[in-house]
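Fit chain V to the known structure of chain D by using the hints.
Quick note, the sequences are listed as chains D and V, same order. Under the working numbering, the first residue of the first sequence carries the number 1, and numbering increases by one thereafter. Under the working numbering, the first residue of the second sequence carries the number 1, and numbering increases by one thereafter.
One thing to keep in mind: the hints can contain errors.
To be verified - For each label pair, taking beta carbons as the anchor points, the in silico distance ranges come out as:
(1) D:S56 with V:V9: 21 to 31 Å
(2) V:R53 with D:D140: 27 to 37 Å
(3) D:R87 with V:S33: 18 to 28 Å
(4) V:V9 with D:K198: 37 to 47 Å
(5) V:A251 with D:A184: 38 to 48 Å
(6) V:R53 with D:K98: 52 to 62 Å
(7) V:L125 with D:P275: 56 to 66 Å
(8) V:D163 with D:N155: 51 to 61 Å
(9) V:F99 with D:K152: 36 to 46 Å
Said to hold, decoys possible - No more than 20 Å apart at the CA atoms, straight line, and that leaves these computed lysine to any residue pairs for SDA-like:
(10) D:K262 with D:I48
(11) D:K198 with V:R49
(12) D:K64 with V:Q227
(13) D:K49 with D:Q36
(14) D:K64 with V:E23
(15) D:K198 with V:V219
(16) D:K152 with V:G29
(17) D:K198 with V:L132
(18) D:K64 with V:L231
(19) D:K64 with D:N258
(20) D:K152 with V:P129
(21) D:K198 with V:R53
(22) D:K152 with V:Q112
(23) D:K152 with V:L130
(24) D:K64 with V:F230
(25) D:K64 with D:N51
(26) D:K139 with D:Q238
(27) D:K236 with D:D301
(28) D:K143 with D:Q174
(29) D:K152 with D:T173
(30) D:K235 with D:D301
(31) D:K89 with V:G29
(32) D:K64 with V:L132
(33) D:K64 with V:A79
(34) D:K49 with D:E24
(35) D:K64 with V:L16
(36) D:K198 with V:T135
If you are wondering where the hints come from, they were derived from the structure by calculation, not from laboratory data. Computed from a predicted model, the values in this text were never measured in an experiment. Yeah, the Cβ is synthetic: ideal placement off N, Cα and C, and Gly gets one too.
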Amino acid sequence: MKSLKSTLLALTALVGAAGLTAEEVTLFGWSEYVPQAVLDGFTAETGIKVNFETFSSNEELLSKLVAGGGAYDVIQPSDYAAEVMIRRKMLAPLDRTKLPGLRHLGDEFRRLPHDPDGGFTVPYMTGTVGIVVNTEVVKDEIKGYADVFQAKFRNRLVVLNDNRELVAWVLKTQGKSANDVSPANLAAVRPVLAEWIKLVKVFDSDSPKTALLNGDVDLGIVWSGEAAILWNENKKFQYVIPAEGAHQFVDVLAIPANARNKEAAHRLIDYILRPEVSKIVSENFPYTNPNLAARKLLTADELANPASYPTGGQLETFRDIGAVAARIDQLVTDLKSSQ
Amino acid sequence: MIAWLAAFVVVPAAILFVYSFCERDEIGGVIFSFTLENYTRVFDPIYLRIFVRSIGYAGLTTLICVVVGYPVAYYIARAPEARRHRLLLLVMVPFWTSFLIRTYAWITILKQEGLLNAVLQSFNLVGEPLSLLYTPTAVVIGLVYAYLPFMILPIYASAEKLDHALVEAAHDLGAGPVRAFSSVIVPLTMPGIAAGTLLVFVPAIGMFAITDLMGGAKVPMIGNVIQNQFLQARDWPFGAALGVVFLAMFALTYVVLQRRGAAVSS
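With the rest of the complex left out, here is chain D (with noise of 0.2 Å):
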């Protein structure tokens, strides 16, 4: 009996103890997005340990909040996800006390239209959505969407598997805002759309840079970070800012509304501000950095990159649109299996 009581203290204080020295956090985040050496590094230095979960999607990140799955602490979600996510009061207010490394974000990524008071959320990284040419097969010069979408590159095109991005890209050529989904713009988008999809070889969102690579194609529209893996590879991936205008991306780290631990929660964020911190994500993910502090430490080399770091361009975000989603989804699934 004695022993029983014993064990059973033994248990408790045992249970007790990990509960006190075993502080975590937990970080949702994409895959690939975020290297194991950052995570480690915070681990080492602060003894919390990092529970690290991806997803692959923005919309695989709001169906899983929405379902009210998974309790987080740490989120990375895309700028137009973040600005529903504002709207319906699921994001914490930053307490930016805490967070002193903001001071090395560079000034075109604050206020950003999906977080104009900067209160919720904290650049990670950015990038575009731009044109890969290779230049060994073709000759011509591409400056636009319109360049990539001619009859004679039929089936040596890779683009995005997105089907916002698709109808985006439509938009920009017809001069109106990638936001502008109305039904009439809609509408327009359609018989353009309807070519276009004809002549693309491979829809991928995952690894466009395999097609390319693998010679299946010659010209991609794709993420700037597969296009600066490509370049790094190859020089003969070279990577354009579409004419018409590009979709630019801004991926956030926030901290969600129910997070258990917002503590520890802004110690990652501004750990990962770090320069020294934020170097070590640009090396193993060729985006744009908007820590400027972590830029002035890459090399010569990465900064050359033109699709990490492109010049000149007219850049918008997306903006959440709504249930518009699944209208889009349909006028591209229409197309695709009409073809």
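What follows is chain V alone, placed relative to chain D:
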């Protein structure tokens, strides 16, 4: 068993059924107000055409699986016991590797600068490299590859139980090999063919990974459409309605096959 069925089959199906009559809110949540709109959308020509196409692909896949899988299964069933076990193991070995990795392996085989084109060109069988990847052919190859074992195993199970004396009797009564095969062997292994057909046809209709990876996501299948509703379009009620119709179709296929199976064996 009943509790297990309730937890993993009935409850999820019931949730799907309830969702299919709901509406979507602006963020993609589900609003519990009754509507039939999702079902009217399912029968929109857009989605009907995709349904029909998916059935076509799955049907072709099943047919090829029967034609390719039947001889293999029959051969294994007739092999001596020690060898039979080794052959069966070989059929199952691919399952030890992740399905996605095996699909990527096919990509390296079929791509323009891939293995197959390299072999064909080195033997001067083709001048220009063939464009195989990202075509409907590639999708069917991927589907057949993925589901062939599901056809072989049930046919093997039937063929193994086949009493060879019956085949010999057929020969003694003057039946040639074709006649013995079509009038004796096939009817006796029909339960295996039916089970294999069900195991291949049903999942092949709903497959979305292969059409994305090997078909270049060019031509949507019903599996892709449903997947999109739960992710990109964030329209769970519509996705649920598609799922319910899908489920009803499977139930129907099953009943038809059961009846035919019963008719054949009686």
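Now for the hints, and whether the structure bears them out:
1. D:S56 with V:V9: 21 to 31 Å: Holds: the Cβ-Cβ distance is about 28 Å, inside 21 to 31 Å.
2. V:R53 with D:D140: 27 to 37 Å: Holds, since R53 (chain V) and D140 (chain D) (Cβ atoms, about 35 Å apart) stay within the stated range.
3. D:R87 with V:S33: 18 to 28 Å: 22 Å, holds
4. V:V9 with D:K198: 37 to 47 Å: Holds, since V9 (chain V) and K198 (chain D) (Cβ atoms, about 42 Å apart) stay within the stated range.
5. V:A251 with D:A184: 38 to 48 Å: Hint holds: Cβ distance 43 Å, inside 38 to 48 Å.
6. V:R53 with D:K98: 52 to 62 Å: Since the Cβ atoms of R53 (chain V) and K98 (chain D) sit about 55 Å apart, the hinted range of 52 to 62 Å holds.
7. V:L125 with D:P275: 56 to 66 Å: 57 Å, holds
8. V:D163 with D:N155: 51 to 61 Å: 54 Å, holds
9. V:F99 with D:K152: 36 to 46 Å: 37 Å, holds
10. D:K262 with D:I48: 13 Å, holds
11. D:K198 with V:R49: 18 Å, holds
12. D:K64 with V:Q227: Between K64 (chain D) and Q227 (chain V) the Cα gap is close to 15 Å, so the pair holds against 20 Å.
13. D:K49 with D:Q36: 12 Å, holds
14. D:K64 with V:E23: Since the Cα atoms of K64 (chain D) and E23 (chain V) sit roughly 18 Å apart, the hinted pair holds (cutoff 20 Å).
15. D:K198 with V:V219: 10 Å, holds
16. D:K152 with V:G29: 43 Å, violated
17. D:K198 with V:L132: Holds, at roughly 17 Å.
18. D:K64 with V:L231: 10 Å, holds
19. D:K64 with D:N258: Cα-Cα ~14 Å, so holds.
20. D:K152 with V:P129: Between K152 (chain D) and P129 (chain V) the Cα gap is close to 19 Å, so the pair holds against 20 Å.
21. D:K198 with V:R53: Between K198 (chain D) and R53 (chain V) the Cα gap is close to 18 Å, so the pair holds against 20 Å.
22. D:K152 with V:Q112: Status holds; Cα separation ~19 Å.
23. D:K152 with V:L130: Given pair K152 (chain D), L130 (chain V) holds - Cα atoms ~18 Å apart, limit 20 Å.
24. D:K64 with V:F230: Status holds; Cα separation ~11 Å.
25. D:K64 with D:N51: Distance of about 17 Å is within 20 Å: holds.
26. D:K139 with D:Q238: 12 Å, holds
27. D:K236 with D:D301: Holds, because 16 Å separates the two Cα atoms, which is no more than 20 Å.
28. D:K143 with D:Q174: 15 Å, holds
29. D:K152 with D:T173: The hint holds at about 19 Å.
30. D:K235 with D:D301: 12 Å, holds
31. D:K89 with V:G29: It holds: about 15 Å lies between the C-alpha atoms, which stays within 20 Å.
32. D:K64 with V:L132: 37 Å, violated
33. D:K64 with V:A79: Not OK: K64 (chain D) and A79 (chain V) at ~51 Å, beyond 20 Å, violated.
34. D:K49 with D:E24: Judged against 20 Å, a Cα distance of about 5 Å means the pair holds.
35. D:K64 with V:L16: Cα-Cα ~17 Å, so holds.
36. D:K198 with V:T135: It holds: about 13 Å lies between the C-alpha atoms, which stays within 20 Å.
Hint compliance for this structure: hints 16, 32 and 33 are not met, and every other hint is.
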